[in-house]
Amino acid sequence: MVEYIIRRLIFGIFVLFIMTAFIFIIMRAVPGDVVTLQLANSGATAEQMDAMKAEMGLDKSILGQLTDWVTKAVQGDLGNSLWSGQEVSQIIVDRLPVTIQLAIMSIILAILIGIPIGVISAVKQNTWIDHFLKIFSVSGLSIPNFWLGLVLLTVLSLALNWIPPLGFQSFAENPMVNLQQMILPAICLAITLSASIVRMTRSAVLEVLHSEFIRTVRAKGARERIVIFKHALRNSLVSVITLIGLQVGYLLGGTVVLESIFALPGLGSLIFESVLARDYPIVQSAVLVFGAMFLLVNLIVDVMYGWVDPRIRTK
Amino acid sequence: SSGSKNNETGQKNTNDGSSEPKSGGTYTILSPADPDMLDPHRQSSIYTHQLAGLVYNKLVSYETGPNVEYTDYNVVPDLAERWEVSDDGKVYTFYLREAYWHDKAPVNGRQVTADDVIATMERIINLPGHQASLLSEVESIVAKDPQTVVFTLKQPFAPFLNFMANHFMWILPKEGVEGQFDLATDAIGTGPFVLEKWEDNVQATFKKNPKFYEEGKPYLDEVIFKVVPDQGSRIAAFRTGQADTIGSLSPEELDQLIKTNPDVTVFEALFATQEQLYLNMKKEPFNDLKVRKAISMAVDRQSMVKAIYGGGETSGPVNPSLGDWSLPLEEREKLQPYNPEEAKKLLEEAGYPDGFDTTLMVTNGYGEQLVRVAQWIAEDLRNIGINAEIEVVEYATYFSERWPNVDYDMGVGYQTYFQEPDEWLRTQLHTNGARNWYNISDPELDKMLDEQRLILDVDQRKEYVHNIQRYVLENLVNPIPISTYYTKTPRQPYIRDSYPHASYGYGYLKDVWLDK
Amino acid sequence: MSQVQLDSELLKGKLKASRNLSVKKFKEDCKRFIFTQKIGFISLLFILLVIIIALIAPIIAPFDPIAQDRAAFLAAPNSEHVMGTDDLGRDVLSRLVHGSRISLIVGFSTVIISIILGTLIGMVSGYFGGIVDMIIQRIMDAIMSIPALILALFIAALLGPAIQNVIISLVIIEVPRFARIVRGEMMRIRESNYVEASRSVGASSFRIILKHGLPNMMAPIIVMASLAFGQTIIAEASLSFLGIGTPPPNPSWGLMLSDASRYMESAPWLVLFPGLALSILVLAFNLFGDALRDFLDPKMS
Amino acid sequence: MKGGRIRLVNKTPSLLQVEEMKTVFKTRTANLEAVDGVSFSISKGETVAIVGESGSGKSVSALSILRLLDRNGEVTSGKILYNDLNLKDLSNDDIRKIRGNEIAMIFQDPMTCLDPVYTIGDQIIETIKIHEDLSKKEYKDRALELLKLVGLPDPESRINAYPHQLSGGQRQRVMIAIALACRPNLIIADEPTTALDVTVQAQIMQLLKDLQSQFGTAIILVTHDLGVVAEMADKVVVVYAGQVVEQSNVKDLFNHPEHPYTQALLQSIPKIDTDRNRRLQTIKGNVPSLRDIPSGCRFHPRCPLATDKCKNEEPPLFELKENRVSKCWKADPTTAEKWEFPTIEDNEAIFEENEHLNNKQILLQVNNLKKHFPITKGILSRTVGHVKAVDGVSIDIYKGEVLGLVGESGCGKSTVGRLITGLIDSTDGEVTFDQKQLATAHRKERKGLRKRIQFVFQDPYSSLNPRMTILDIIGEPLEVHNIAKGNKKRERVAELLEIVGLSREDMHKFPHQFSGGQRQRIGIARALATEPDLLICDEAVSALDVSVQAQILNLLKDLQLKLGLSYLFISHDLNVVKYISDRIAVMYLGEIVEVTDSVTLFKKPLHPYAKALISAVPVPNPNIEPERIILSGEVPSPSNPPTGCKFHTRCPAAMEICKHTKPELKSIAKGHTVSCHLYGEELGNG
Ligand SMILES: Nc1ncnc2c1ncn2[C@@H]1O[C@H](COP(=O)(O)OP(=O)(O)OP(=O)(O)O)[C@@H](O)[C@H]1O
Ligand SMILES: Nc1ncnc2c1ncn2[C@@H]1O[C@H](COP(=O)(O)OP(=O)(O)OP(=O)(O)O)[C@@H](O)[C@H]1O
Ligand SMILES: [Mg+2]
Ligand SMILES: [Mg+2]
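Residue numbers (the numbering used here), protein chains in the order written: chain A, 1 to 315; chain B, 1 to 516; chain C, 1 to 301; chain D, 1 to 686.
In case anyone wonders, no lab produced these hints; they're calculated from the structure.
Don't take each hint at face value.
Incomplete in silico selection of chain C near chain B, CB under 7 Å [unchecked claim]:
(1) 68
(2) 73
(3) 75
(4) 160
(5) 163
(6) 243
(7) 247
(8) 248
(9) 249
(10) 265
(11) 266
Okay, derived cross-link-like pairs now, PhoX-like style, lysine-lysine, Cα gap no bigger than 20 Å in a straight line [stated by the list, open to error]:
(12) 97/D to 230/A
(13) 38/C to 124/A
(14) 26/D to 124/A
Beta carbons are placed, not taken as given, at the ideal position from N, Cα and C, and that holds for glycine.
Working from the sequences, and respecting the hints, build out all of it.
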């Protein structure tokens with residue numbers, strides 16, 4: 001297992017490297033850079049601009065810049081923001097917890113909503129309950145989450161004269177406020193994810209229910225409860241977990257929009273602002289962190305496979 | 001005529017004498033975005049300079065107060081207690097008041113000296129950026145004594161005092177200039193509020209400066225500046241009392257807000273800049289004055305600004321927010337009539353009876369309203385046969401490539417918030433203007449632009465500047481001023497003595513107090 | 001009649017017979033689909049309806065979608081403007097009708113380009129395996145490990161708002177997903193007995209990929225495509241919401257929705273119609289995809 | 001006495017009595033009567049076998065008893081009396097108390113029947129927990145005891161194993177332990193040994209017999225293997241298309257089958273004593289689909305004796321004597337006429353002599369062939385070991401000859417076949433075909449050689465691309481080798497279809513429109529397209545019903561004689577191999593251990609493994625009491641084979657030398673080679 005994890009981590013680093021290069025090259029291939037952006041209207045001379053570019057290391061070839069960046073990043077130095085000059089690592093450390101908390105809350109919410117509904121749907125296959133839940137869950141996939149966020153916010157402020165308190169506070173600082181701030185965006189993100197979980201749970205449970213060992217369990221005289229929760233659900237978890245791993249990408253993507261709407265200082269909103277401001281080191285690092293998060297979640301997913309399915313554990 | 005408008009709907013903004021200002025309270029400002037950095041000399045962003053106004057002072061500033069219009073540009077003392085101008089208009093002597101830096105390391109509350117001013121000015125001159133040009137006419141700066149600074153100019157220069165009041169002229173402590181602390185992420189000044197903490201893109205917290213040079217001020221204990229990117233969220237926050245002010249709203253948004261919060265007060269003011277429709281003079285057919293005039297005539301400015309911004313004025317080459325430096329409203333309207341029939345005729349005369357196809361560049365970096373303006377203008381142009389396809393360009397590309405390199409047919413955009421007619425006119429319209437991104441080259445105009453800088457008498461200069469504007473609207477017609485809209489900013493009803501000014505900086509918050 | 005003629009007559013007859021047979025099979029399949037997948041069928045009808053609307057948009061739209069009625073800004077639905085007007089006085093119904101074009105163009109182009117690229121990459125990767133597969137998969141992993149919307153945002157923001165840029169960025173997102181599915185299918189098919197049978201008679205790799213691989217993976221690809229369609233349309237809307245999607249004045253549903261979000265309180269109809277249209281279309285694609293999956297899954301019958 | 005089995009006298013009160021049971025599946029298009037009026041009874045300690053071809057309703061009958069049918073199935077009428085309790089009418093709760101406790105079930109495939117995510121201990125204990133309230137320790141003790149009972153080695157540690165960590169035979173033992181957990185009175189076993197190798201099958205059958213004699217449990221055994229029936233059952237119920245067509249005690253059934261279907265079934269299976277030169281009896285047509293049930297007697301379309309009456313009137317179950325019924329008009333005691341099954345005319349029944357074999361020309365020569373599949377690990381796919389799937393195999397095939405290849409699952413039979421065809425590359429060794437070496441031949445030559453060796457696959461359905469027409473499928477080799485195109489291709493395909501007994505009209509259909517036997521004919525037609533000299537038949541008839549299997553075997557023999565084809569015939573069914581092969585090679589763990597002609601091998605096998613293998617074959621004749629050599633232990637892993645003689649770990653005759661010295665393949669007699677230390681060269685001159 002340890003060897004497996006190490007191997008996955010090495011793979012992950014490899015993947016992250018490709019990703020970094022990809023982002024790096026695209027970002028520099030498009031027009032616009034910080035220096036011109038900052039100085040275009042200033043009447044600064046070309047020499048002044050070049051000097052500034054040199055100061056920021058933007059005068060080298062893309063490959064040279066990439067090498068520089070990677071060498072430093074490997075040593076834990078992610079550079080400084082080209083605008084504020086702040087250390088990128090610090091900015092990321094400040095913002096990462098928000099996004100992580102948001103992601104975790106959404107995943108938990110989505111699981112809490114998705115799995116029970118999925119199981120009910122499977123057990124009541126082809127009844128009206130099933131059809132209803134099916135339409136309901138597919139609808140979850142069909143509503144853009146930014147949309148949901150806006151509606152929630154407007155409706156709440158109008159109907160209840162309440163919105164989550166502004167000014168982000170971390171969970172450690174003030175759990176009550178923090179939860180109030182996080183719950184709405186988490187719900188918006190969770191809806192889509194839970195919709196996929198419902199569908200996956202339903203089909204996985206159905207498939208397992210058709211398998212032979214379920215017949216064995218029934219032949220033992222087991223109650224339906226045991227058949228479904230002890231055997232069918234447990235065996236379906238592998239596919240549900242895989243799904244969560246794959247959907248985490250969508251979830252993290254959704255944070256961009258929802259963090260903007262709900263004024264949460266997370267990585268998602270950071271990345272959006274930084275792309276527009278051509279703040280290369282931040283974009284670079286934030287994408288890297290997102291990628292790493294995605295890979296990490298998938299690693300956790302794979303490790304969990306082993307926990308769920310002993311066939312994988314021993315391999 | 002008044003080029004500005006400073007109305008309060010609702011009641012009780014000014015202290016009517018019935019109550020004395022109360023100290024205390026927190027004032028929360030919601031903003032759609034954050035300064036990218038705090039260094040005011042490296043950044044032209046409004047967000048940086050608004051916050052700088054809380055922390056820093058300039059040598060001189062613009063007057064604010066109950067009897068001052070939002071757009072009045074009266075230069076008043078700030079860090080300089082008073083100043084003297086030599087008769088030849090070339091030597092300015094500033095006498096510093098007794099003021100102390102904020103009590104933060106490494107400056108630790110020492111007194112402000114001439115050295116600080118000189119260090120700051122040198123920094124401004126040496127850093128690349130727009131601000132350097134503000135001091136381009138300065139020959140030398142010397143400290144006569146620790147409290148006196150003398151500026152010697154190369155020649156008499158009319159805009160000088162205005163430039164000294166410009167928001168780029170925030171005076172920094174020497175230690176900052178020397179790099180003893182990071183000006184990008186920290187700010188130590190002399191202003192009414194002390195920066196306590198700045199979390200990039202989240203919030204900036206300011207505490208009252210107990211040693212502010214104006215006795216008894218500021219009243220507020222704390223100013224909080226929060227970033228809430230989504231407009232809907234900002235409104236919701238205001239509605240639920242989590243914010244004191246949230247920036248300007250569209251008429252529809254304001255209507256809805258007033259429905260739920262009827263006692264909200266609304267501050268209305270002219271926007272500090274204007275939309276301009278600019279044309280690439282090197283390209284056919286925009287090199288033809290008739291075509292430019294036709295385009296200008298085709299745009300229904302009044303209906304546009306009403307429909308999109310809920311109200312505003314036809315603007316001129318100098319933005320009306322600069323008060324009477326701008327042409328009077330009637331004249332602006334007379335010189336830029338809405339007359340599609342006449343426009344069509346002009347086009348015909350120019351040889352385009354059926355109009356032509358072109359593109360209209362716009363960026364969404366300024367928000368959606370400008371994109372709507374572009375759509376409006378395109379529709380107006382369609383009416384006279386010009387088929388302008390809208391090209392929405394990403395902001396960074398727009399601002400660092402397309403616009404400065406004059407890589408467009410037509411474009412519509414906002415100009416930077418200039419505070420001096422010289423900036424409005426000379427940087428944009430002079431053949432060598434730093435912001436002449438339109439391929440304008442008119443030797444006669446260049447001469448006029450150079451001359452107005454030398455006229456020291458204010459009234460005389462105003463007259464001359466008006467003439468230049470008349471000339472521009474008749475003989476150049478590029479960039480075509482469109483409109484300046486009224487900003488409508490909701491405010492919580494308990495806010496008192498808030499007198500904002502068109503120039504940058506939240507410095508006016510020193511007067512604000514909360515009546516609750 | 002000569003022998004050759006006879007033969008060709010015969011051949012024609014045979015061909016016709018075989019065509020008839022597959023036509024008949026197709027007809028039967030359709031009937032079975034309609035009969036067993038009612039929701040899916042209704043969804044399909046809805047999708048077809050939207051496609052037709054998009055095709056004949058200029059004919060059925062009562063107004064020019066970008067023409068501004070300056071006498072009626074933000075008009076509530078009325079007899080002239082059945083769905084009201086927007087903040088520039090443009091007819092919402094007409095914009096909605098024309099907007100379907102953009103949604104469908106973005107959806108179709110993205111999905112079709114992604115299918116082609118994804119299938120090519122996936123088939124090569126899956127069939128040959130080994131080092132080729134390893135390299136391709138790592139690149140796909142790298143792209144996939146950037147959260148979708150962030151990648152789209154990144155690319156669309158850098159390239160600027162334009163339909164083709166939206167499509168490019170969505171394609172970059174979808175390709176690895178298709179490639180992965182196709183690769184899996186190809187690996188499954190590669191191991192299948194009929195491919196082994198084909199190899200045992202000496203068929204070339206090219207022939208196997210083309211004749212055995214492609215036809216046998218169409219079903220999962222179609223299912224995947226119908227689901228990707230929905231995601232793509234939503235992604236376009238999200239990008240428009242962030243201001244990097246379809247550029248105005250062209251109406252896209254996402255853009256309309258994002259523009260309308262400012263008038264959520266004052267002009268809710270602006271939000272309602274494009275929102276409904278978008279959600280129902282995506283819903284239809286999802287339900288259709290689901291139905292197709294059920295239909296094609298032998299275990300479900 | 002057979003293995004101490006208790007034979008109960010008639011008239012004992014029955015434990016379970018099924019009367020006129022009818023099971024219906026609701027599908028979207030129709031209601032399928034999968035079981036239509038089945039009746040039988042079973043007494044304590046008795047074994048009743050339910051036999052029939054695939055799809056005849058055996059499993060459904062078994063599942064109906066405990067109401068374990070899929071959700072869409074229901075027992076609609078009839079009675080299922082268990083100790084006077086009608087299981088059909090019990091509440092869900094009550095029948096649950098019977099399941100596992102009074103009546104237990106064992107299913108076919110032990111891998112898919114055990115929940116993969118729980119340890120086997122958990123799964124055994126679960127059963128006990130459901131029905132009995134014990135302490136934790138008692139549960140565990142019971143589980144251990146059960147594992148010991150079913151002969152699982154080292155139960156203490158195995159109790160914590162997961163199903164995938166056990167071999168097929170061990171898993172089946174666990175299934176049996178689960179079934180026995182609550183000491184049920186009746187066990188219903190649905191094909192309990194079908195998925196297992198013959199040697200393991202023998203172990204499991206022995207175990208069931210032992211347990212039955214120990215506990216007196218009654219067993220309902222569902223199977224299609226008449227050999228297993230003959231060996232295990234007291235009473236046999238023959239089902240056809242959802243109905244019981246004959247019921248009898250086992251001896252009577254095999255000695256005097258009453259129903260024409262039973263008769264045909266018995267004749268269509270090759271037995272050890274079947275004459276290799278005789279054509280197998282076949283039953284025309286296929287088992288009817290439930291959607292399209294024939295009128296009258298359901299068997300009439302396939303019955304050579306059918307009359308108009310059979311077509312129109314459904315025969316009742318005629319009771320011939322006690323416990324003996326037949327559902328055939330011929331058995332009507334009122335009209336009782338003697339009938340005899342029409343046998344094929346002798347000149348047709350006997351195959352011609354195979355002249356191709358006369359000149360003994362070597363066609364294929366395999367020399368020391370090896371295939372080691374690498375086991376990889378790590379990021380860089382480091383090779384950490386090898387699966388020695390084929391480890392030095394040498395065989396010859398003569399022109400016109402059938403060489404049978406037998407051995408346990410995983411011993412490398414298929415790999416040998418694939419190596420010879422060139423589907424995979426060998427690690428070592430050489431294959432010489434018609435005097436040309438395959439490995440060294442250049443590309444064009446190789447392609448030419450490949451044309452002459454073709455493959456017939458086990459599963460006819462999955463080896464046909466479902467999206468291609470038969471024309472394209474059979475035409476593929478013609479196109480690939482540029483033999484024929486367009487019109488010519490069509491003609492050739494038509495010809496081939498006719499050769500394998502299909503009609504040319506079939507070429508425009510798709511695979512799913514054919515029955516199993518027809519599909520295998522298509523597979524054969526494809527293999528014949530390039531006019532090959534050698535066919536490799538990898539389990540080519542294993543997936544087919546016995547009646548269809550007989551058709552295909554006859555076809556293969558015909559083709560051999562007519563076209564002079566040679567076959568490498570790979571199969572685990574030794575009866576089939578014996579019937580079709582001229583010579584047989586026995587494989588164990590990637591090596592050939594014995595090669596000889598088929599008669600000799602069955603009469604006088606030499607290698608201890610071959611002996612065990614042959615003795616383990618169930619004989620479909622209840623009168624014969626086979627002497628079993630039950631091999632102990634499991635097949636070792638081919639990645640880590642034992643040293644010396646690979647068989648020594650399981651060999652009853654293992655000697656010291658076997659552990660470290662590998663025996664050579666020696667010629668013992670003419671055409672009889674064996675690799676075993678028991679036999680020196682000198683022995684062979686006999
Ligand atoms: N859930 C179901 N729905 C519809 N038909 C079914 C279902 N289960 C079984 N059948 C049908 O019932 C018939 C009898 O099936 P059954 O499994 O009893 O056959 P069998 O005799 O056990 O065959 P085999 O030897 O292949 O196991 C078949 O035609 C099968 O298709
Ligand atoms: N591609 C492969 N990679 C690794 N190991 C393989 C591969 N193919 C077969 N093997 C292994 O080689 C051994 C022999 O396999 P093979 O399929 O030849 O056995 P077999 O005798 O045909 O068995 P069966 O009767 O089950 O078909 C098995 O242990 C199998 O797991
Ligand atoms: Mg069965
Ligand atoms: Mg095999």
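So, going through the hints one by one against the coordinates:
no.	hint	in the structure
1	68	holds (5 Å)
2	73	holds (6 Å)
3	75	violated (13 Å)
4	160	holds (4 Å)
5	163	violated (11 Å)
6	243	holds (5 Å)
7	247	holds (4 Å)
8	248	holds (6 Å)
9	249	holds (5 Å)
10	265	holds (4 Å)
11	266	holds (4 Å)
12	97/D to 230/A	holds (19 Å)
13	38/C to 124/A	holds (18 Å)
14	26/D to 124/A	holds (17 Å)
The structure is inconsistent with the numbered hints 3 and 5, although it conforms to all the rest.
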